[in-house]
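K.L.:
Spelled out, the chains give:
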Amino acid sequence: MSGYLLPIIILFILLLCIFKRLPAYDIFTKGANDAITLCIKVLPNLIVIFMMIELLNVSGVLTFFIKNTNWLWKFLKIPSEIAELIILKPFSGSGSLAIISNIYKEFGTDSYIGNCASIIMGASDTLFYMIAVYFSTTKIKNTGAIIPISLISCFIGNIVACMICYLI
Amino acid sequence: MNKIWLVICTICIGVLTIINPTSVLPSLFNATHKAIELSFTLLASYAIWLGLFEIIKQTKIPAIMAKMLSPIITFIYGKDTITQETLNYLSLSMSSNMLGIGGASTAMSIKTIESMANNNSKVNFAITMFVVINATSLQLLPTTVMTLLASMGDNNPGRIIVPSLIASTVSTIIGIVLVKIFVKKDKNL
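In the order they appear, the protein sequences are chains A and B. Residues 17 to 184 in the numbering used here are what the first sequence lists, from first letter to last. Residues 271 to 459 in the numbering used here are what the second sequence lists, from first letter to last.
Here are some chain A residues the structure puts well away from chain B; computed CB gaps all over 10 Å:
(1) Pro23
(2) Phe91
(3) Ala99
Which chain A residues face chain B? A few, computed with CB under 10 Å, are given here:
(4) Leu143
(5) Phe151
(6) Thr154
The calculated label-pair distances, taken between Cβ atoms and stated as ranges, are:
(7) B:His303 <-> A:Lys36: 40 to 50 Å
(8) B:Gly428 <-> A:Ser110: 20 to 30 Å
(9) A:Ile184 <-> B:Ile288: 40 to 50 Å
(10) A:Ile34 <-> B:Asn272: 48 to 58 Å
(11) B:Gly428 <-> A:Asn84: 33 to 43 Å
(12) B:Lys349 <-> A:Asn118: 44 to 54 Å
For the record, the hints were derived by calculation from the structure and aren't laboratory data. In this text, a Cβ means the ideal position worked out from N, Cα and C, and glycines have one as well.
Sequences and hints are given; from them, build the entire structure.
P.N.:
Put into structure tokens, the structure is as follows:
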């Protein structure tokens, strides 16, 4: 079903062009040109944020952090595999995909941990990557309350996710 | 962002210098390489979506979308915090986000923020609200996870839709409430 959605949207846009006699080729080229400028502005931010993520992974600081906050996860009844996912998710999409595949392989997709992981993955976003990309075309340097508020809300959402799985 | 980046990188490089000094430079190169690779992928998706968006902009679709979504938007962002241009971008970004078209929604979100910032160098209420809502993810269909589940041989990936929706709605509502409490509203029309 959802496979038809995108082609239909695109087809609809092109049909509109025919109907309205728009110079589609020229307009599309202009948009693609915008994409290049955008990409050049985004790239430096990506490089710098990726360095941080890579360093976090390679140095083992992340795993160290999770092991030492064990009491918190125990208290919230969150398995340590899930804790790893919760902490990595704001930093790296590909990293958390790797964790989630491991969880599926180890515990099965239909297990409590598997379900938790699926829901957490679907209910939060890669915050730091997002901020790097979103603000790349603005002059904004200080993101104010965005990071703490997003992290707190996502964290509570994740706990809710685990609770839902606990109940079903 | 500056503080977080500096603190995390200093700690990590500090640790690495002690336990594995030869891995510092290779991992930095590795990261840069990944970033450049990703930016090419992004360029491809932006080119398609911004191209299509240029066409949409010539039609009345953004205005119609904005009209449909404006009750929700006014409810969340309050009156007079965003301009008509922002409203158009915002509603396109919201609708592509809900449909799960990641590439389109990122491209539109960048445009939305650009228009919300309006060349200022300070974060305002609308931007904070927008990023928090996006970060807490309001996606109707968690397509990535469902695809992954299906590829692992799970025979009912659809069962996670409702729980995901509940969890992400909770986090989004908490985010909205926190922004409303802690961030001052400013008029930037």
